[in-house]
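Asker: Protein chains in written order, with the working numbering: chain A, 1 to 180; chain B, 1 to 187.
Hints in this document: simulated from the structure, not taken from any laboratory. Watch out, some of these pointers could steer you wrong.
As the list claims (entries may be wrong) - According to the in silico footprint, chain B covers these stretches of chain A (three or more CB under 8 Å from chain B):
(1) 25–39
(2) 77–87
(3) 158–169
Said to hold, decoys possible - A few chain B residues that face chain A, going by a derived Cβ cut-off under 10 Å, partial list only:
(4) L43
(5) K53
(6) V63
(7) G116
(8) V119
Glycine included, every Cβ here is placed at the ideal spot set by N, Cα and C.
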Amino acid sequence: MRCALVLLLAFASAPASAGQCYTVNAASGSVSFSVDQAGAPFQGSFRSFGGTVCVDGDAVTRIDVWLDPASVDSGLPELDAALKGADFFATDKYPRVTFTSASVQSRGDLRQAEGTLEIKGTRRQIGIPFRLAGAAVKRTVSGAFTLNRLDYAIGTGEWSNTKWLGAEVKVEFKAALVGH
Amino acid sequence: MTRWRNSQDRYGIIAQGFHWLVAALVLAQFALGLYAADLPLSLARLQWLSRHKALGLGVLALVLLRLGWRALDRAPALPDSMPAWERRAARATHRLLYALLVLAALAGWLYASAAGLSVDWFGLFRVPDLVAKNAQLAMLFKDAHKALVALFALLLLVHVGAALRHVRLTRDGVMYRMLPWNPAGKR
Numbered sequence: 001m002r003c004a005l006v007l008l009l010a011f012a013s014a015p016a017s018a019g020q021c022y023t024v025n026a027a028s029g030s031v032s033f034s035v036d037q038a039g040a041p042f043q044g045s046f047r048s049f050g051g052t053v054c055v056d057g058d059a060v061t062r063i064d065v066w067l068d069p070a071s072v073d074s075g076l077p078e079l080d081a082a083l084k085g086a087d088f089f090a091t092d093k094y095p096r097v098t099f100t101s102a103s104v105q106s107r108g109d110l111r112q113a114e115g116t117l118e119i120k121g122t123r124r125q126i127g128i129p130f131r132l133a134g135a136a137v138k139r140t141v142s143g144a145f146t147l148n149r150l151d152y153a154i155g156t157g158e159w160s161n162t163k164w165l166g167a168e169v170k171v172e173f174k175a176a177l178v179g180h
Numbered sequence: 001m002t003r004w005r006n007s008q009d010r011y012g013i014i015a016q017g018f019h020w021l022v023a024a025l026v027l028a029q030f031a032l033g034l035y036a037a038d039l040p041l042s043l044a045r046l047q048w049l050s051r052h053k054a055l056g057l058g059v060l061a062l063v064l065l066r067l068g069w070r071a072l073d074r075a076p077a078l079p080d081s082m083p084a085w086e087r088r089a090a091r092a093t094h095r096l097l098y099a100l101l102v103l104a105a106l107a108g109w110l111y112a113s114a115a116g117l118s119v120d121w122f123g124l125f126r127v128p129d130l131v132a133k134n135a136q137l138a139m140l141f142k143d144a145h146k147a148l149v150a151l152f153a154l155l156l157l158v159h160v161g162a163a164l165r166h167v168r169l170t171r172d173g174v175m176y177r178m179l180p181w182n183p184a185g186k187r
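Could you build the full structure based on these sequences and the hints that come with them?
Answerer: The structure is reproduced here in structure tokens:
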């Protein structure tokens, strides 16, 4: 009986070719952004994010991550409310930002995930450089990339004025990966 | 004839320039701040508050220069016709006005820093932040900025009232010492 249970668990946790899959642990990580306001950088972050990263040997085989834009924390409650509104993330209609990898290249320490980023209903192919540190059960993922907010209609109407609200948004992420 | 430096009974061109330039900019700051603070979150609010912050830092620099100049160029003495308590009140009011100008601007700078809304000075350079971003501190500095500005406004009324009193009631020419022209027959 006990033997059968162990066997069952072993099968359930080892899906064929994907290797080992990990869950992104938001509690130990952060996703922050920086965008120029009136010429000076302004920082904020998203509290709620997660996803799955699968590794086979040294290769990353799958990245499937998401983020709740409604969890935005800019430190200014009024601004948070605006960021959830129709001019920015329209979180009522588009509650999730997602990134799904199509391929992941490895260049020494640095890796590059090519995939689809979907924000506010707009899907675009982008490359995200990142690093994978640690091994076995203690792994962390981190990286940074820049996107143009106007590509995803983040900040429409008067907020499309890039002199006062920069077009470039720098995103930084890091999180621990928890093995299944 | 107004000279560059203060004389015994008149402020010089430089002291007068500082006084009226700061006065004009401070009035503009009241208008900008009061207008922008009541706007809903919008591009206009970002624009006007950014100008308010940059201008406020300009006023702070100007006031510090002015205090430096004041240390070099002594203010003309108040006339003997003024009772001692009036002279003391005048000196105290002037000192407090200077102190509040500096403190209100500093509180505004601290507020902007703590809110994470750093200042780019009219596109010329980045103004350093005084403290790291902190939402609780931002609320505290916001209240401090408003309280100091309110106190300054109150004291400004006393200052203007006293100046006008020198024109209309005591007629001792004290206000004319700060005017660039010399009204005929008046001192």
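Asker: Verify this for me: three or more residues of the stretch 25–39 of chain A with a beta carbon less than 8 Å from a beta carbon of chain B.
Answerer: Coverage by chain B holds for the stretch 25–39 of chain A (3 residues, Cβ < 8 Å).
Asker: Against chain A, is B/V119 within 10 Å by beta-carbon distance?
Answerer: Holds, about 6 Å.
Asker: Grab the minimum C-beta distance from B/G116 to chain A and call the hint holds if it beats 10 Å, violated otherwise.
Answerer: Status holds, d = 5 Å.
Asker: Quick check on the hint: B/V63 CB to chain A CB, less than 10 Å?
Answerer: violated (23 Å)
Asker: Report holds or violated for the interface hint on B/K53, using the least CB-CB distance to chain A and a cut-off of 10 Å.
Answerer: holds (8 Å)
Asker: Using C-beta distances, would you say chain B covers the stretch 158–169 of chain A, given that this needs three or more residues below 8 Å?
Answerer: n = 5 at 8 Å, threshold three: holds.
Asker: Identify whether the interface hint at B/L43 stands, where standing means a beta carbon of chain A within less than 10 Å of its own.
Answerer: Result: holds, 4 Å to nearest chain A Cβ.
Asker: Are at least 3 residues of the stretch 77–87 of chain A within less than 8 Å of chain B when you compare beta carbons?
Answerer: Our answer is that it holds, as 4 residues pass the Cβ test (under 8 Å) against chain B, meeting three.
Consistency with the previously given hints fails for number 6 only.
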